[in-house]
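Enquirer: Those protein sequence lines, which keep their order, are chains C and U. With the first letter of the first sequence counted as 1, position 13 gets the number 13 in this note's numbering; the numbers rise by one all the way through. With the first letter of the second sequence counted as 1, position 100 gets the number 100 in this note's numbering; the numbers rise by one all the way through.
Just so you know, the hints here were simulated from the structure itself, not pulled from any lab data. Note that the Cβ used here is the ideal one computed from N, Cα and C, for glycine as well. Hints may be right or wrong, so weigh each one.
Said to hold, decoys possible - Just so you have them, the derived chain U footprint on chain C, three or more residues with Cβ under 8 angstroms:
hint	region
1	17-23
2	42-56
3	64-77
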Amino acid sequence: MRKAEPSSTPPLADELARLEEIVRKLEADDTELDAALVLFEEGVARLRAARERLVAAELKVQAVLEEAGGDIRLTDLDA
Amino acid sequence: MNLSLALNIPTAADQVWSVGELSVAVKALLEGQFPPIWVRGEVVQCKVWSSGHWYFTLRDRRSQVKCCMFRLNASRAGKPPEDGTEVFVLAKPGLYEDKGEFQLIVSRMLPTSAVGQKQQELERVKALLHRDGLFDPARKRAIPGYACTVALVTSPDGAALKDVVTVTRKRWPCARILLVGARVQGEGAVEELVRALRLVNRIPGVDLCIVGRGGGAREDLAAFNSEAVCRALAAVRVPTISAVGHEIDISLTDLVADLRAATPSAAAEMAVADRRDALRLVDDLSVRLASGLTGRTRLAAARLARSADRLHAAVDGVLSSRRNLAERLAAQLDALSPLRVLGRGFAVPMDASGRVLKQRADFIRDESFRLRVADGDVRARVE
Chain C
1 MRKAEPSSTP
11 PLADELARLE
21 EIVRKLEADD
31 TELDAALVLF
41 EEGVARLRAA
51 RERLVAAELK
61 VQAVLEEAGG
71 DIRLTDLDA
Chain U
1 MNLSLALNIP
11 TAADQVWSVG
21 ELSVAVKALL
31 EGQFPPIWVR
41 GEVVQCKVWS
51 SGHWYFTLRD
61 RRSQVKCCMF
71 RLNASRAGKP
81 PEDGTEVFVL
91 AKPGLYEDKG
101 EFQLIVSRML
111 PTSAVGQKQQ
121 ELERVKALLH
131 RDGLFDPARK
141 RAIPGYACTV
151 ALVTSPDGAA
161 LKDVVTVTRK
171 RWPCARILLV
181 GARVQGEGAV
191 EELVRALRLV
201 NRIPGVDLCI
211 VGRGGGARED
221 LAAFNSEAVC
231 RALAAVRVPT
241 ISAVGHEIDI
251 SLTDLVADLR
261 AATPSAAAEM
271 AVADRRDALR
281 LVDDLSVRLA
291 SGLTGRTRLA
301 AARLARSADR
311 LHAAVDGVLS
321 SRRNLAERLA
331 AQLDALSPLR
341 VLGRGFAVPM
351 DASGRVLKQR
361 ADFIRDESFR
371 LRVADGDVRA
381 RVE
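With the rest of the complex left out, here is chain C:
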């Protein structure tokens, strides 16, 4: 059992939105080369992370329990 905590990784939707933004900037005519290189590096790292996240993940099913004191606890379920 563990206490409910927000996930430390940013939501995938945010990751993909940021990637879309990076690509758009790279595709725009007014981005300087040095800025483009920085964006490219960030994009590559984010793409790799997103792909790993999509491929490696395994569905997690947890039951949410409210304790007497009002605390929320999560327990893994074999569903």
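Assemble the complex: chain C is given as a structure, and chain U must be docked to it using the hints.
Expert: Below, chain U without anything else, positioned relative to chain C:
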């Protein structure tokens, strides 16, 4: 001429049925023709056997039919109805082979008066919720594109959990399903659903909430028509999907939720993205990222070349204007030059030290001096 016909007796050529065979065949024929159907009638002679099964007759002005309701279903129907009670029964027509009797196997029984009351109550709640704007299309929120944490309010023992898990595992295995358990029918269902929906608002990181249950009879869906559950659903802070597994009926939670799904499986399909689509998007972004950088590099190279050309042009321009200026200044200098004056026939007398002799007093008898003419010096002497 056929002898058997003349004597009107069966022959070896005729197929003779046993009673049992005929019963089996008729039973199969009958049961194959009818899915469970709702039948309306008046109950008479309802007998409760020690086994818990109910046997009664359902009749109207024209006809009657024997009915059997087995223990499990009978126990859910409440008290045995009194003679003359008008009811709806959900039943499957069949044949009781032992007695060769046509009968209905009843799975549900609802007094028609109760149905009327329930319908009135439903309309009352619906009007209230409508008045308060809970069905307003303007308050519908969009379902997030890549929901990762899905809260599922349903029974821990029901089919809905399994269905949602199965679909999500297949489509979007990077998701997390948080089961917020609640009874979905019977006593306490309303209170548990309300509590569970309120709990969803306290779980951090939830992207979406599905509330629902697997298929059930109409009266089993009552909790999803309750005012309290509808209001609790409307107060959920994340987008919601109602999935009350009953294709025909729409429950009030279906109208309050941001999205309605016919079944929990359908809700899961709406709730989460398909991993294959997301991977295709990532591939597409990879290609665009690479070509974006290539394009940018080419553009920079082209810009650099253009800059060099412009620099050359600029330098050339500066040099050219400087040259013109120099030529102009040279011409002016030339006009002012004493050599130019000498060229017109004048001469400049100078002593040995190069001092110009400008007055008579500068010339001393017998002294030699130089005369500077256009093309050089001439030695001279004062007489």
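Enquirer: With reference to the structure, classify each hint as holding or not holding.
Expert: Each hint tested on the structure:
Coverage of the region 17-23 of chain C by chain U holds [criterion: at least 3 residues with CB-CB distance below 8 angstroms; count 4]. Coverage of the region 42-56 of chain C by chain U holds [criterion: at least 3 residues with CB-CB distance below 8 angstroms; count 8]. A stretch counts as covered by a chain when three or more of its residues have a beta carbon under 8 angstroms from one of that chain; for the region 64-77 of chain C and chain U the count is 5, and the coverage holds.
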